[in-house]
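Turn these sequences into a full structure, and let the hints guide you.
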Amino acid sequence: MSTNSYAVRDSMTMLRRNLKHAQRYPSMTISVVAMPILMLLLFVYVFGGALGGGISIPGVGGGGDRGDYTNYVTPGILLMAITSGAVSTAVSVCSDMTEGIINRFRTMAISRASVLVGHVIGNVVQTIISLVLVVGVALAVGFRPNAGVIEWLAAIGLLVFLAFALAWISAAIGLGSDSVETASNAPMPLTFLPFLGSAVVTPDSMPAGIRWFAEYQPFTPMNETLRGLMLGTEIGNDAWIALAWLAGLSVLGYLWAKASFNKDAKR
Amino acid sequence: MTATTQPAGASKGINALGLRKSYGEKVVLDGVDLQVAPGTIFALLGPNGAGKTTSVQILSTLISADEGQATVAGHSLEQDPDAVRSEIGVTGQFAAVDGLLTAEENLELIADLLHLDKAEGKRRAAELLERFELTDVAQKSASNFSGGMRRKLDLAMTLVGKPSIIFLDEPTTGLDPRSRRTMWQMIRDLVAGGTTIFLTTQYLEEADQLADRIAVLDGGKIVAEGTADELKRRIPGGYIKLRFDDARHLDAAAHTLSQATRNDEDLTLQIPSDGSIPALRQVLDGLERSGIHAEALTVHTPDLDDVFLALTGQGRKTATTDSATAVKETQR
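Read top to bottom, the protein sequences are chains A and B.
Mapped onto full-length UniProt numbering, the consecutive letters of the first sequence carry residue numbers 1 to 267.
Mapped onto full-length UniProt numbering, the consecutive letters of the second sequence carry residue numbers 1 to 332.
No lab work stands behind these hints, which were simulated from the structure alone.
Even glycine gets a Cβ: it sits at the ideal position worked out from N, Cα and C.
The hints are all genuine.
Reference excerpt, derived from the structure (chain B facing chain A, CB under 7 Å, subset only):
id, residue
1, L62
2, A95
3, D112
Calculated lysine-lysine pairs in the DSS-like style (CA-CA distance at most 25 Å, straight line):
id, chain 1, residue 1, chain 2, residue 2
4, A, K263, B, K26
5, B, K140, A, K20
6, B, K122, A, K20
Computed Cβ-Cβ distance ranges for the label pairs, DEER-style:
id, chain 1, residue 1, chain 2, residue 2, range
7, A, R16, B, D30, 42 to 48 Å
8, B, G174, A, R16, 29 to 35 Å
9, B, D30, A, I156, 53 to 59 Å
Written out as structure tokens, the structure reads:
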């Protein structure tokens, strides 16, 4: 029996399994969705007034108000929704590996990658739900994008691509963690990366060292591309740089996760 | 078992030669040879840490051996692991069920992964739930199951694919006596249907009850192999034990029966013996003649415990205090 011909079917079976898990134990999903929504409200209502007037917002300039800042920060909050969502892949993969059932899967003639693909796609689905809710709340608190259908589709494509890339990296981290606690803490730096970019404030307001990091780290071009698509600000080369990062991160995450999974069963 | 058509691998069994595995400095398997005839129960017996689970993990394609080769159901582990996987079923010490799914969903999950069509999967799941008396709890999630129920569901999941060779890694560890007996009966039924069983256990009684052939594994090596009777014959474990009321009688008896070893603490004498009637009569006559009064007499015939303890380098002392390997004696 050829394993590869069943790869898609096995992956779908595993996806159904993971979605059932998420549905039955929704606490993880809820906390993953709640985090970015709280962040959004925090930045809009607590910091929004001060930051809106304090930084030079692209397309607005200095002296903006809370509404301008809501437009500025929402794309970054969407990236944070993805990074915090990705953490749950590490947790679910790691806790799954401690279950005897994974050893059963390993002794069956199924596509080996399907176990991980199920987790990754399951996580992407969960993240999409979280993104829809965050966008809904953002619109309710004054987010006013001017994107057309094409721009929305491109923005959605970018967000899903990022969710996919980070889910693979997070899956690899989950496979490499000895305990669920490690798995939930190890990807934490990921959730902070957007802050050290253009998510919350413009990098030109930062001191030299951090500004340099902010300009070259992967989340900044993604953030700028997203902002450009949704609000019509300048994108330039950022779209290509973002796509290159996403492709690179996906391949890295996939190969890393696959290699970890194919190592001997740990006990 | 309603095995209608046996897969081609059913007539091939298991053959392993010179399996070695070490984790860093620690050698877990040190050249293990195994032959399991098709349609039989083979028991791999050994103390904790002997390498039983590692052997199962290697033969079931979970991990690879550092050296040596093996064929399972006629397929090479190294060259064609997927062919091996489609012939085997594995039920481990830790039940391999998905706790968040119901019993029925667990079985259907396996059916899906075996690429059975939906109707066939549902039919097979219902049949197995019925056979393992799990129909009433089919809609309950497996995390609420007792140890015995989880183990039953685990075995049921293993059987969805009708494997020709089943690995059972300590299938009754942690089960109560009733569940253990139920599990034994299931294992016997499977073999009656033509399945080959590779069983690991640390319970001697289990190997004695079930296995056609037994290999004793200790420190990563097979130290003995044969049928239960062959193994028992290999070691001189039989003796007569006499218990006395007081030290005076014990002294007198020890004097009369010179080949006996005495134990002053519990006032007993142990006389090596094959347990036959003439041998017994000889001991009793000797006591009678000397007017010694013995309180009780027990005859111990060699059993697998003796084999196990003699071969795995554990002293008898630990055995008599350890209830798990308690020496069985026949009270007369």
